[in-house]
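Which chain is which? The protein sequence lines are A and B, in order. Counting from 286, one number per residue, gives the positions in the first sequence under this note's numbering. Counting from 3, one number per residue, gives the positions in the second sequence under this note's numbering.
Since the hints were made in silico from the structure, they are not lab data. Note that the coordinates shown come from a computational prediction; the quantities given were computed from them, not determined experimentally. We put the beta carbon where it would ideally sit given N, CA and C, even for glycine. There's no promise every hint is true.
Taking lysine-lysine and the DSBU-like style, the derived pairs with C-alpha atoms no more than 35 Å apart in a straight line are [to be verified]:
no., chain 1, residue 1, chain 2, residue 2
1, B, 478, A, 351
2, A, 329, B, 141
3, B, 238, B, 71
4, B, 170, B, 44
5, A, 314, B, 463
6, B, 459, B, 502
7, B, 478, B, 33
8, B, 570, B, 662
9, B, 478, A, 314
10, B, 570, B, 547
11, A, 314, B, 88
12, A, 314, B, 363
13, B, 502, B, 547
14, B, 463, B, 45
15, A, 329, A, 314
16, A, 329, B, 71
17, B, 363, B, 45
18, A, 329, B, 139
19, B, 613, B, 563
20, A, 307, B, 395
21, A, 310, B, 45
22, A, 351, B, 224
23, B, 177, A, 310
24, B, 45, B, 165
25, B, 395, A, 314
26, B, 483, A, 329
27, A, 329, B, 220
28, A, 300, B, 255
29, B, 45, B, 177
To spell it out: a stretch of chain B is covered by chain A in this simulated footprint if at least three of its residues, at any positions, have a beta carbon under 8 Å from a beta carbon of chain A; those stretches are [claimed, not checked]:
no., stretch
30, 63-70
31, 102-116
32, 219-227
33, 349-363
34, 472-486
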Amino acid sequence: MSKSRTVANLNPGEKGEICCFKDDKLALKLLDMGCLPGTEVQMKFAAPLGDPLCISVEGYRLSLRKAEASTISLVE
Amino acid sequence: MANKLITIALLGNPNSGKTSLFNQLTGLNQKVGNFPGVTVDKKIGSTILPNGQRAHVLDLPGTYSLYAKSSDEQVVTDILIDPTNKNYPDILVVIVDASNLKRNLLLLSQAVDLGIPTILTLNMVDLAERMGRGVLKDKLAEYYNIPIVSINARQGEGITELKAVLSKSINLNAKPFLDVSELVGPVINREINNSQIPYLKLHQLIAASIISDEEAQKIQTKDTTLRYSKINRIVKEAGLRTEKKGGKVYTDKIDSILTHRIWGYLIFIAILFIIFQAIFSLVSWPMDLIDNYVSAFSMWLGKVMPAGVLTNLLKDGIVPGVGGVLIFIPQIAILFAFIALLEESGYMSRVVFLMDKIMRKVGLNGKSVVPLISGVACAIPAIMATRNIENVKERLITIFVTPLISCSARLPVYTILIALVIPDDTVLGVFNIQGLVLLGLYLIGFVAALATAWLLKMVVKTRESSFLIMELPTYKRPRWKNVGLIILEKIRTFTFHAGKIIVAISIVLWVLASYGPSKEMNMAEEVVKASFVNNSPTQVEYENKLAAYKLEHSYAAVLGKAIEPLIKPIGFDWKIGIALVTSFAAREVFVGTMATLYSIQSGADDEATIKTKMKQEINPETGQPVFTLPVGLSLMVFYAFAMQCMSTLAIVYRETKSWKWPLMQTLYMSGMAHIMSYLVFSLFN
Numbered sequence: 286m287s288k289s290r291t292v293a294n295l296n297p298g299e300k301g302e303i304c305c306f307k308d309d310k311l312a313l314k315l316l317d318m319g320c321l322p323g324t325e326v327q328m329k330f331a332a333p334l335g336d337p338l339c340i341s342v343e344g345y346r347l348s349l350r351k352a353e354a355s356t357i358s359l360v361e
Numbered sequence: 003m004a005n006k007l008i009t010i011a012l013l014g015n016p017n018s019g020k021t022s023l024f025n026q027l028t029g030l031n032q033k034v035g036n037f038p039g040v041t042v043d044k045k046i047g048s049t050i051l052p053n054g055q056r057a058h059v060l061d062l063p064g065t066y067s068l069y070a071k072s073s074d075e076q077v078v079t080d081i082l083i084d085p086t087n088k089n090y091p092d093i094l095v096v097i098v099d100a101s102n103l104k105r106n107l108l109l110l111s112q113a114v115d116l117g118i119p120t121i122l123t124l125n126m127v128d129l130a131e132r133m134g135r136g137v138l139k140d141k142l143a144e145y146y147n148i149p150i151v152s153i154n155a156r157q158g159e160g161i162t163e164l165k166a167v168l169s170k171s172i173n174l175n176a177k178p179f180l181d182v183s184e185l186v187g188p189v190i191n192r193e194i195n196n197s198q199i200p201y202l203k204l205h206q207l208i209a210a211s212i213i214s215d216e217e218a219q220k221i222q223t224k225d226t227t228l229r230y231s232k233i234n235r236i237v238k239e240a241g242l243r244t245e246k247k248g249g250k251v252y253t254d255k256i257d258s259i260l261t262h263r264i265w266g267y268l269i270f271i272a273i274l275f276i277i278f279q280a281i282f283s284l285v286s287w288p289m290d291l292i293d294n295y296v297s298a299f300s301m302w303l304g305k306v307m308p309a310g311v312l313t314n315l316l317k318d319g320i321v322p323g324v325g326g327v328l329i330f331i332p333q334i335a336i337l338f339a340f341i342a343l344l345e346e347s348g349y350m351s352r353v354v355f356l357m358d359k360i361m362r363k364v365g366l367n368g369k370s371v372v373p374l375i376s377g378v379a380c381a382i383p384a385i386m387a388t389r390n391i392e393n394v395k396e397r398l399i400t401i402f403v404t405p406l407i408s409c410s411a412r413l414p415v416y417t418i419l420i421a422l423v424i425p426d427d428t429v430l431g432v433f434n435i436q437g438l439v440l441l442g443l444y445l446i447g448f449v450a451a452l453a454t455a456w457l458l459k460m461v462v463k464t465r466e467s468s469f470l471i472m473e474l475p476t477y478k479r480p481r482w483k484n485v486g487l488i489i490l491e492k493i494r495t496f497t498f499h500a501g502k503i504i505v506a507i508s509i510v511l512w513v514l515a516s517y518g519p520s521k522e523m524n525m526a527e528e529v530v531k532a533s534f535v536n537n538s539p540t541q542v543e544y545e546n547k548l549a550a551y552k553l554e555h556s557y558a559a560v561l562g563k564a565i566e567p568l569i570k571p572i573g574f575d576w577k578i579g580i581a582l583v584t585s586f587a588a589r590e591v592f593v594g595t596m597a598t599l600y601s602i603q604s605g606a607d608d609e610a611t612i613k614t615k616m617k618q619e620i621n622p623e624t625g626q627p628v629f630t631l632p633v634g635l636s637l638m639v640f641y642a643f644a645m646q647c648m649s650t651l652a653i654v655y656r657e658t659k660s661w662k663w664p665l666m667q668t669l670y671m672s673g674m675a676h677i678m679s680y681l682v683f684s685l686f687n
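Could you build all of it, start to finish, from the sequences and the hints given here?
Structure (structure tokens):
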């Protein structure tokens with residue numbers, strides 16, 4: 286797996302562990318929402334047009350745009 | 003102490019049950035206003051505590067963190083970090099949704115460090131019971147040092163206990179949840195350590211920009227991370243697992259249908275269709291009722307009151323003006339019943355999820371879809387519905403373009419003009435030309451709205467970045483009480499805020515249409531009498547002719563003549579100019595004005611009669627009929643674009659808190675109307 290794998294690359298049902306963030310500003314919002322480094326996320330489904338995405342984090346459903354999901358890097 | 007009014011503020015995540023708790027605490031004793039300077043709903047209610055203490059209850063906007071990312075969230079931070087703010091609470095009640103524990107505890111941990119007496123209300127539904135609430139409560143008490151009350155906000159359980167705790171004095175949290183001195187450099191550290199409440203001081207320094215934005219971002223990131231790691235420890239020590247089932251299983255099942263690539267859109271279109279149908283069909287009966295009562299009342303006034311200026315002002319100016327406000331209430335009630343249901347059930351977030359990609363292309367938000375569709379019925383409730391759009395820019399754009407959607411008040415104007423100038427033929431065997439023109443007018447409005455939104459996307463600047471990091475809450479059965487309160491609140495807001503402006507403008511328009519330069523107005527009766535030299539008229543004929551004469555010489559006519567040079571290039575004469583002036587009250591007034599101008603018997607102002615009269619109208623300059631195909635089309639296009647609705651302007655003013663937007667809308671829409679009408683007129687002439 287390439288090291289730039291992000292949440293946006295997860296397939297539906299696939300899980301990953303958050304490593305770090307590429308965008309400092311978005312990182313703050315994502316932290317507020319419970320997306321912390323070390324937290325497990327699971328891809329649930331994408332909207333019918335492929336964007337936004339729905340992920341599961343800390344036991345709830347979070348939707349975010351593909352561009353936003355691609356700022357969350359995963360632990361290899 | 004019992005006499006001083008205290009302020010209790012409710013703080014919590016969106017979807018944490020905060021609104022339900024607020025409704026449980028205050029019932030019908032609530033009113034909604036705006037926070038100063040911003041259009042964020044400020045909900046205030048009142049309640050009496052068991053010890054007789056009366057209290058204001060302030061429902062703060064839902065937020066995930068004290069580090070604000072939107073104007074809604076900024077309001078919360080501004081209040082809570084400023085003890086001189088008049089909304090600064092005496093007691094803070096933080097509501098924590100036990101099924102989303104960690105995320106909710108973050109906000110709590112920030113709140114307790116601000117030095118406001120705080121109570122934690124743990125909102126638990128049945129599934130939370132299973133997680134062992136005893137252990138959790140003990141653990142939370144240990145780390146947060148504040149009173150904790152378990153409630154079920156939806157069912158109203160635990161409210162009595164909460165009120166009992168509220169009436170006792172609350173000790174301040176002795177030691178902060180987090181020692182903030184590890185977050186900052188030595189200089190700032192010295193400053194915050196000198197103050198009594200370091201975390202509050204830190205927030206104030208950030209708000210005052212004493213700490214640079216870049217530095218603040220680092221501090222906030224570190225702060226949030228440290229708080230979360232402590233929260234993780236608490237949750238682990240309480241022996242709770244984060245991943246819970248329950249409500250989430252059926253939510254996943256429902257989502258697999260409602261966000262399905264085919265079913266998702268079909269169901270959404272079906273829901274929009276139902277809303278649209280309901281607004282159109284359900285409201286006609288109550289609207290006719292209001293209409294009939296108002297005109298009956300105004301006729302009755304005319305009979306019982308002595309004839310004079312005051313009576314005329316009352317029966318022709320004020321009463322119809324108030325009626326013009328009341329008439330919108332059924333539409334507002336029905337639209338908001340649906341919107342509240344969509345919000346309450348959790349479906350609204352899915353609408354955003356489904357529509358985001360499409361709407362983003364033109365600078366709008368997934369939530370813009372509902373206002374735009376509602377605009378087909380009426381722009382008033384549609385614009386009020388834009389409050390759900392959190393992003394300021396997207397909300398303003400939605401407000402700006404919604405009146406371009408052809409509303410139901412344009413329909414009578416379209417109908418009469420189509421009947422007048424468009425032949426009742428079919429093309430290609432099946433398509434009725436009249437129907438096609440009507441469809442075309444609706445399409446023009448829709449395309450214009452989207453095109454304008456796209457233009458504005460380039461022009462409007464905002465500091466808020468557009469992102470969509472949004473919780474998809476679990477589906478819930480709507481609480482009827484919450485739905486009812488939303489409907490009541492919206493009706494109240496409209497009647498008392500927009501209503502004032504609408505009544506004021508109606509009075510101005512009444513003066514314009516019933517008074518004129520005295521020289522000509524004084525001669526009215528003689529001139530009209532003289533016009534009947536050869537035959538003696540019936541009383542009705544005489545009065546109709548008099549009414550027409552008066553309108554033709556009123557200030558509205560002066561205005562109509564004044565704008566004639568402006569509207570001549572698009573094919574209108576000054577008489578149409580009068581109708582443009584009077585129908586500024588509401589577009590459908592066009593039909594009534596035409597009836598008066600062509601002295602049609604009152605009571606017989608049905609479309610057929612007006613149509614015949616308008617057809618006979620001859621332009622004195624050309625000797626041709628006034629309402630030719632180019633004039634008719636030009637007029638239709640004009641009404642499709644022009645901002646001919648004072649009620650819309652009043653509500654835009656109310657929703658944007660400034661005259662800048664309604665003025666820009668009027669200029670833009672009327673400008674567009676002129677250009678498009680000119681193009682159509684020249685094309686067909």
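Legend entry - Hints that the structure is at odds with (numbers, increasing): none
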